[in-house]
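Trainee: For reference, the chains in residue letters:
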Amino acid sequence: MTDEVDISVMIGGPQGGGIESSGQMLVRTFMIKGYDVFGIREYHSNIMGAHSYYNVRVKKTRPRSVRLPVDGLIALDAETIFTHYNEIAPNSFIIYDVDILNTNMEKIAPMEPEVKERIGSELKKLGIEPIASEVIKYLSNNGIKTVGLPLKNLLKTTAEKLKTNVVSVAKTVNTMSITAAVALLGIDVETIEKSINYYFYGKKSIIDSNVMAAKVAYDFVKDNFGIGKPIDDGPNKNRTRMVATGNDIVAMGKLAGGLTLETYYPITPSQDEAFYLGEHRHFKLDEWAAKELGVDKLGVLVFQAEDELGALNMAIGGALAGARTATTTSGPGLSLMNEAISFAVMAEVPVVITVWMRAGPSTGEATRQGQQDLLHSVFAGHGDAPKIVIASGDHIEAYYDAMKALNWAEKYQTPVIHLVDKYIASSMMSFDREDVDPQLIPIDRGKYYNENQNEDYKRYEITDDYVSPRMPLGKKLMWVSSLTHNEYGIVTEDPITREKMLLKIAKKIENAGREIPINDKVSLYGDQDAKITIVTWGSAKGPILDAMELLKKEGISTRLLQIRMMSPFPSEYVANILNSSELVIDVEANVLSQLAMLIRMNTGYEVKKKIIKLTGRSIMEHEIYRALKSVIQNNQDLVVISDGA
Amino acid sequence: MTDEVDISVMIGGPQGGGIESSGQMLVRTFMIKGYDVFGIREYHSNIMGAHSYYNVRVKKTRPRSVRLPVDGLIALDAETIFTHYNEIAPNSFIIYDVDILNTNMEKIAPMEPEVKERIGSELKKLGIEPIASEVIKYLSNNGIKTVGLPLKNLLKTTAEKLKTNVVSVAKTVNTMSITAAVALLGIDVETIEKSINYYFYGKKSIIDSNVMAAKVAYDFVKDNFGIGKPIDDGPNKNRTRMVATGNDIVAMGKLAGGLTLETYYPITPSQDEAFYLGEHRHFKLDEWAAKELGVDKLGVLVFQAEDELGALNMAIGGALAGARTATTTSGPGLSLMNEAISFAVMAEVPVVITVWMRAGPSTGEATRQGQQDLLHSVFAGHGDAPKIVIASGDHIEAYYDAMKALNWAEKYQTPVIHLVDKYIASSMMSFDREDVDPQLIPIDRGKYYNENQNEDYKRYEITDDYVSPRMPLGKKLMWVSSLTHNEYGIVTEDPITREKMLLKIAKKIENAGREIPINDKVSLYGDQDAKITIVTWGSAKGPILDAMELLKKEGISTRLLQIRMMSPFPSEYVANILNSSELVIDVEANVLSQLAMLIRMNTGYEVKKKIIKLTGRSIMEHEIYRALKSVIQNNQDLVVISDGA
Amino acid sequence: MMARNWSDYKTSSWVQWCPACGNFGILLALQKALAELNLPSEKVSIVSGIGCSSRIPYYVKTSNIHTLHGRPIPVAEGIKLANPEQTVIVASGDGDLLGIGAGHFVALGRRNMQIPILLHDNAVYGLTKGQAAPTLPLWVKTKALDSPNIQSQINPLLLAFASGYTFIARAYAYHVDQLKDLIKAAINHKGTSLIDILQPCPTYNDIMTKEWYEKRIYYLTTEDSSWDPMISSPEDFDAKAPKILSKMTEWGDKIPLGVFYINMSTEPLDTRIEKILPGYLQYPPAKRPIEIKSKPLVHPFTEFKDRIVQT
Amino acid sequence: MMARNWSDYKTSSWVQWCPACGNFGILLALQKALAELNLPSEKVSIVSGIGCSSRIPYYVKTSNIHTLHGRPIPVAEGIKLANPEQTVIVASGDGDLLGIGAGHFVALGRRNMQIPILLHDNAVYGLTKGQAAPTLPLWVKTKALDSPNIQSQINPLLLAFASGYTFIARAYAYHVDQLKDLIKAAINHKGTSLIDILQPCPTYNDIMTKEWYEKRIYYLTTEDSSWDPMISSPEDFDAKAPKILSKMTEWGDKIPLGVFYINMSTEPLDTRIEKILPGYLQYPPAKRPIEIKSKPLVHPFTEFKDRIVQT
Ligand SMILES: Cc1ncc(C[n+]2csc(CCOP(=O)(O)OP(=O)(O)O)c2C)c(N)n1
Ligand SMILES: Cc1ncc(C[n+]2csc(CCOP(=O)(O)OP(=O)(O)O)c2C)c(N)n1
Ligand code: SF4
Ligand code: SF4
Ligand SMILES: [Mg+2]
Ligand SMILES: [Mg+2]
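Residue numbers (our numbering), protein chains in the order written: chain A, 1 to 645; chain B, 1 to 645; chain C, 1 to 311; chain D, 1 to 311.
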């Protein structure tokens, strides 16, 4: 475990039972140790009780996905044992509470009947009774280290040492469990203490009890199971780093990008972006800026609307008044925004719509992954509504794209749909200061009207590049209209003016396609000359890149074409890449292979090999690796991957 | 004018000034004379005062479009003269009221500044003052018969003959004007009398005064200008025929197709469909059916919702209860329905959404033509929402498609979007009883669950063809859900169940694509072996077919591929036709050439020649003829046609 | 038919609410009401939106629809329009019905359809983790909020009154028997009814807790034994409306429960429809024949005489 | 600055309403109000939805937005949130504001933003040719309807009250001067105001005509010279609310006009925001700097300390 550090740990338990915090602490523990970390949360649309788990991946260089089987499973309840028993690697470990050993799967209320049935019949085939202890025995027989924690006793010990009662330390069971895990993985108790200090920053009594609990658990493991061979420090020691979810980092990008108004209606998985921005609504400026402006702090207004129709129309109003505005939503909200999107196209209003995709159609599964809104976004809004649509592949991209989207919206006076997804939203990534340098994206507010001019202001003046000089409301007399209008914004039904205005809008977006550099539209990874091209969009990128490394080790050379700008589409570039490939494989998490459809629409190229995932779970390194291999070696046309519980 | 009858007449005047009725009477006049007629109304989104006109085309065989220049223009006001003076054929006539001769164009308030400016500079170039009399003089110099009617005097005469005052006959000016026109076209006064009787059916005193006005006008024209050479009877004499708008005929199709509930929120140009259905809500059954059922009349409930979100969700509720339901809307309403469309896909609810397209994006122009909602419809609804989308090309197709859509919705338990447009909505066509035979489309309600079965009912049972037996609410215990659900309709987040259910929905629609015969999906017109293929959808079909006849006369052989099913797309057939063509030309009324995009997405075939119209006006025979010729002869890539005021 | 027990309306699905959630009381009251009314499972449809409360359809053994956020009312109306004999109950959250769905909430009043609205009023958005719902008072800062609520609360009772609801009541989730009686009355009421059910959300609303409510609530009829919410004539209306309306505005240290308003003089929608569409009640849209052996019943030339031209 | 005249707010666009349409009175009253308040053209935004009435932005020389059907309120709110100094007026139809837009109408009340709502109440959908609007009474059959209206009317005044509006009035389109005064008061009111303007539509509403209205309308202050709609304390509220509410329900042979309710004790949204976001009023979203010479003002590591990990 020195050169090739690659650890995958999973912690599972009931929703509301601290899975999220456990994951956060695990992530920080490994970061402190100098590693790069990727962690992702899988959970039900439920407040309390349903099964949830957090998967953490640790490497020296940044991991971009998780993988199965895991090197360690922490089971906070019996359901976790049943649900994940077959996702543990040989020679790894499972940590569990000794008190749950007698649990019969049939008695676990929150477990869904479909799941019980499937697992039940698997267990039956293996000759295992659906009782936790039997599964543990089976694992043990298969060489897995089974680490039973007498949590009740350990709590008692902790309480005694803290001179308090058991109830007041009850919540430390998670800390105990993850401490046991990192102990087995060779991490010292000091590191976990630091992590506790970070995570519970400022809450002294909570920190104290968790630190004590960690010590007690560490000692217990040491005494009873032995701790792991100490792990070396990773390459990122002694640095000021950050760890953030996709939701967090998009909020950061918007703030850095000069957003001043965000309207939203809560919807999973978008709302945490708005919340996080809201928490930082009154933010500190960089020192140089504070000095120049003579103020320390400025504000961004985050406003909860009554619904998504309200949210986008408010954002439109805000944009007309001159604010940099955005709204954030997910599929159902996007559907509701269609009319206002078409309005923003017609009235040429700069507004960013961040769309955190989740599992559809319809309400579907609010907390699960899906990349299903691509074509809906490109064709959102009735009546010929060309616009800019971009899709980010990971946290860092999402950060910069959030900034760029704000620029493009104002520069081209158009709605910009920024597609991100649940995978990015609820995964965490470690990164450095240089990774999120806002100065790389200068703020560009586009063309302004010179307000000292004396003629009547034409809000929709037809210019060479089809962009009319802007002016906020309050500075010039003007009209803005959702109807066909003349250059002044006054309604007209003159046929010739209509033709001109429709062409103005269409050509403005075509023009954006010409002006925006190709590097903002696509990325080409891997072996640039490979004959096998994988094509994808959005967060599927991460696991594919990880899988490509595995393929490379086996001598299979591949390249990845990640398409980031969906409209206007980089047709020529994409056509060239695909036409110069011998094998092209499309990977995405939707049923229609929407990117493949969009590619064909724009280039004529038919991608014949497809890998899709429909389960609502993250795409993982190992399964995409297997699927790619199967396409490459067995020439399979369609592989549906389904791993993950 | 005997063998090759082809008359085009236009009447123009202020909105609310009886243009609509004049058109209706004109249409009926020529029908009574035994001809086939096509008439279309162009008007502003305005209640009173803005310019409106009606264009009527008369032939022995059914005309499918109008054309310019016209053979006669009836100008009920000065604006009509300025707006249409350059759309009149040599050797034709213009009828106007002598009292408006002094009108200066600049003084016409409702005329839009853009229009005044354009026409003003045209007139200037021609050396004509912008005064009505000057334009009339110019026309007269160009060989056009200028027929000034002293309407005030004629009204006085009419009033005297009826022994009443002028005010009470004031509204007959339209009748006088059109009488003058048909007199010049060689139609006898008796025919127009009949037409008046039809149009004002039952309103005796109105009929009397209009008949008298017609006589007075007829005599005046006869005495002062001479009437036209009497026209022969057309081929359709002595028949019981019908004339209906597209709005009307879709209402008829829905009624015949067994619709029992239509919810809607008013929006132009869809609302007239709902109104017309509402007027006939308590309808008579065919005699045989009345006898079998023992009732004479049955009902269809037409219900006005509070908005389009309400309309579609109500329709969904109605469908779940077991009613055959539909809703009707236009672009902005369709945008608002996106979320519920995705719901209907997920919950597998049979519901028809009739979409009367109009000029977009956004509010655009409510009363103008556009074919801009194709891709928005196909990709309506977030989160992978495959559905059936069809588009009708003319009245008769729209009638049968309305029936078929209801069948398919129930057979495949899916939303069906039925695209029609303003061109069809507000044009009139003459037809016979056999043209609308409902017995050609037997009613198919799809698979029902046998309610006597004793097991628990699985609303979403996975079957061989992916269609689950249906049951209305009230008959069986069941659950219906917008969330990912198991076969019982109970929410689940089991990854494997989700995968199955997404595939079920997708494969069900694919299956529909296989089962529905090709004749319901495409039509191939013209010379089946022609090397030039025109490809189109929706109402652009009519003018193209008319233009193809003109091309044929010149020895240019063409065929027309009209695509009627947009999803699932008839890829193989379309690819075959296009690949076997030497030249393919796409024609449609939108800025993106959306059909060409959809074709490429589904077949890879790139249609390189495109004709589009963006003015919000109908595509006309003469301009599409010219544009086709220019593409064929000059190899032009894109022709934007813009005729019509 | 045997009398039913509330447990006959239980399903095997795991009830996913947090411990002590007020929704449990509402669920039980609803099941008891159905049992006492002895309604057959398949003849009842509970229609919900999206939210914690909106999971209720899975827990009641009736023929239920889990719709979209904010849209349970139009779906319920569609069912009722198509089949007036189906018992249709809307049960949904305050965010769902009064936030995103407020337009439908208002429109339903104009129709006076026989649909009871069970408003699970926890003053927060439960399922999306505790944002302010339209019934959360101004400046309240629950623990999930990053700052105090800057939007004022709306008054569901007055909103219903302004919209035309003809049965308006307020209940408390943990008073199961009183709530059950109100639900029975609402189901039987021939018009639109609202029960605003104060529902503690122990997870996210740490201000308006069980204790908070129980200090404040009282029953209208306890305070004033002559309380009479029934209006049967315009004179009655003039006489009682001021008191009813001002009781509806009472909120603070004292929160009244019970029936505020019943108006039996407004006709429900189905009988209105029957007047403009004779035969509707006998052959509502869900039940009328549309074919005989697949043959359509009407040729356009039979019915649409107004479009006929004799040439 | 010179005092302005109402005609300074006229544009050259053709006013497309039918002869004698009530909208003409509203247009004139609005122009007069702007003139008397002497508001600079570019500092005023009239925001409308879609409908006959919603064409009004083209006829007033201010910086106006013609939005979507049902959405003028959120667009207006967005403008006001971004720039509280802009005078923002919503003028729209009854179908627009109370039908498709009712959800926003209700939500606005919770915010008490300084936005006057001019409700062009003609009881029909003018632009789509005369369907029933939410204010058309039950069973009325205007000439455009194929059957009598089967939906009841809602009460805009009560709806506004239930939603939290703090200035509620009713006016009549042809009483231009009275309406002008109300509009001025509403523009100046520091909170959300509603003026329900009874607006004859001679083309489609042949029942509620000029004559019909003029037989019924009267002014609250004429009938009762002590009429006092002003509420300045909770006691005031308890004392006056019953009368105010029952006046709001009066509709029939007599229809009261004037100001029904003013509540000055509710804080408007902008000052609420200032409390949770200090500096908002000085640097509202439309006006705060976001860059210096194109350079962004904040690096994430400066502000988001809660995500930092020292390794
Ligand atoms: C169109 C749409 N927007 C947002 C959401 C996200 N969402 C789910 S539940 C909910 C609010 C739930 O609050 P409430 O209706 O009060 O129900 P509760 O959970 O409190 O019972 C929201 C905003 C959604 N599902 N659909
Ligand atoms: C989403 C949407 N639905 C429907 C319409 C069609 N529409 C235009 S105006 C209107 C109603 C107008 O009524 P109202 O708001 O009362 O205004 P009025 O014309 O009476 O002034 C409707 C339904 C639309 N433009 N957009
Ligand atoms: S979050 Fe609140 S409303 Fe939702 S289940 Fe938990 S306690 Fe109940
Ligand atoms: S239809 Fe009615 S509201 Fe519209 S302009 Fe005419 S009179 Fe006015
Ligand atoms: Mg709630
Ligand atoms: Mg109106």
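Just so you know, not all the hints are guaranteed correct.
Below, in silico cross-link-like pairs of lysine-lysine (DSSO-like), each with a Cα-Cα straight-line distance of 27 Å or less [stated by the list, open to error]: (1) 531/A with 504/A; (2) 305/C with 204/B; (3) 190/C with 215/C; (4) 203/B with 305/D.
Which residues of chain B face chain D? A few of them, derived with a C-beta cut under 7 Å, are [what the hints assert, rightly or not]: (5) 46; (6) 47; (7) 109; (8) 110; (9) 279; (10) 282; (11) 306; (12) 307.
By construction, these hints were calculated from the structure, which means they are not laboratory data.
Yeah, the Cβ is synthetic: ideal placement off N, Cα and C, and Gly gets one too.
Trainee: Are the hints correct? Go through all of them and say.
Mentor: Right, here's what the structure says about each hint:
{"no.": "1", "hint": "531/A with 504/A", "result": "violated, 41 Å"}
{"no.": "2", "hint": "305/C with 204/B", "result": "holds, 18 Å"}
{"no.": "3", "hint": "190/C with 215/C", "result": "violated, 34 Å"}
{"no.": "4", "hint": "203/B with 305/D", "result": "violated, 81 Å"}
{"no.": "5", "hint": "46", "result": "holds, 5 Å"}
{"no.": "6", "hint": "47", "result": "holds, 5 Å"}
{"no.": "7", "hint": "109", "result": "holds, 5 Å"}
{"no.": "8", "hint": "110", "result": "holds, 5 Å"}
{"no.": "9", "hint": "279", "result": "holds, 5 Å"}
{"no.": "10", "hint": "282", "result": "violated, 10 Å"}
{"no.": "11", "hint": "306", "result": "holds, 5 Å"}
{"no.": "12", "hint": "307", "result": "holds, 4 Å"}
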